[in-house]
Amino acid sequence: MVPHDEAPVRGGDTRRSEISPVQSVDKALLALQELSRAGRGGLALQDLAATLELNKTSLHRTLSALRFRGFVDQSPQDGRYVLGAAASALSSAFFADENLPALLRGALVALCSETDELVHLGVLSGAEILYLDKVEPARAVRVWSAVGRRQPAATTALGRAILAHGPLDAATVRWYAGDRLDPDRLHEILDAALAGGFATESEENEAGISCLAVPLLRDGAPLAAVSITAPADRMTDARRARLARTVTTTVAPLLPAGLTLPAVLDHA
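Sequential numbering from 359 applies to the sequence shown in this note's numbering.
No lab work stands behind these hints: they were computed from the structure.
The beta carbon of each residue, even a glycine, is placed where N, CA and C say it ideally should be.
A hint or two may mislead.
Claimed, not checked - Listed next, the in silico SDA-like pairs over lysine to any residue satisfying Cα-Cα at most 20 Å (straight line): (1) Lys414 <-> Val440; (2) Lys414 <-> Arg438; (3) Lys492 <-> Ala610.
Claimed, not checked - Label-pair ranges, simulated between beta-carbon atoms: (4) Thr618 <-> Glu411: 23 to 31 Å; (5) Gly536 <-> Ser433: 50 to 58 Å; (6) Ser433 <-> Ala498: 56 to 64 Å; (7) Val622 <-> Ala504: 28 to 36 Å; (8) Asn457 <-> Arg395: 21 to 29 Å; (9) Ala451 <-> Thr618: 17 to 25 Å; (10) Thr594 <-> Ser433: 49 to 57 Å; (11) Ala504 <-> His418: 47 to 55 Å; (12) Arg419 <-> Leu612: 13 to 21 Å; (13) Glu456 <-> Ala579: 35 to 43 Å; (14) Ser394 <-> Leu612: 50 to 58 Å.
Start from the sequences, fold in the hints, and give me the full structure.
Structure representation (structure tokens):
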């Protein structure tokens, strides 16, 4: 009979119906996974052991090893365990700008195929949007874009999608608006983007071209954004709403663990 501590453990991953080749490593990884789900509140030892169906003594040893390497911290007040700085450093490296095109390529290709429109991936870089990747449809879209290109964040759908989900105050909005937009107008645009879950721009950067963008969130904060670019005559209000739903159904299932779309899009 397999000891309970060596049995397949549960916790949400269907692969756990199989026995890991290295149970001690698997136990540590599953503990990190559950602590990640728990967030800043962390978990008490007994709760983590119950979730993973593991012996508390054995799990305590695993957590002690993770603490030693900085992957787990323990609250001196209540003894609850939370992710440590080493785990955060790994996560940050994984989601670094240079890795995002590879991580999200499948989602971008799927979105381009589903919409038959030009798709971009961008991140905020100072007051600008930096284009990290693009996927072109079979039908040509006459727009000047290139990986590595920069555009003012305030006038692009990509930038607005990211800014809307970040911390905003009057000074921040004025800084991003610069001399391109009235700050009050930009604030209205960002409020609408936050409420709807997506941002838009129409012919503000190129005549005849409109864009819609949705942010990619990590722990609720914007990491990047994905946009759909099309001729303005194809980007009606009704189509914008359909495209926002398409992003939800097409992109969301292909996102790497740790990235989400705005929850409001689930009700769009």
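Going down the list of hints, with the structure as the test:
| no. | hint | result |
| --- | --- | --- |
| 1 | Lys414 <-> Val440 | 16 Å, holds |
| 2 | Lys414 <-> Arg438 | 14 Å, holds |
| 3 | Lys492 <-> Ala610 | 18 Å, holds |
| 4 | Thr618 <-> Glu411: 23 to 31 Å | 27 Å, holds |
| 5 | Gly536 <-> Ser433: 50 to 58 Å | 44 Å, violated |
| 6 | Ser433 <-> Ala498: 56 to 64 Å | 57 Å, holds |
| 7 | Val622 <-> Ala504: 28 to 36 Å | 32 Å, holds |
| 8 | Asn457 <-> Arg395: 21 to 29 Å | 22 Å, holds |
| 9 | Ala451 <-> Thr618: 17 to 25 Å | 20 Å, holds |
| 10 | Thr594 <-> Ser433: 49 to 57 Å | 53 Å, holds |
| 11 | Ala504 <-> His418: 47 to 55 Å | 54 Å, holds |
| 12 | Arg419 <-> Leu612: 13 to 21 Å | 37 Å, violated |
| 13 | Glu456 <-> Ala579: 35 to 43 Å | 19 Å, violated |
| 14 | Ser394 <-> Leu612: 50 to 58 Å | 20 Å, violated |
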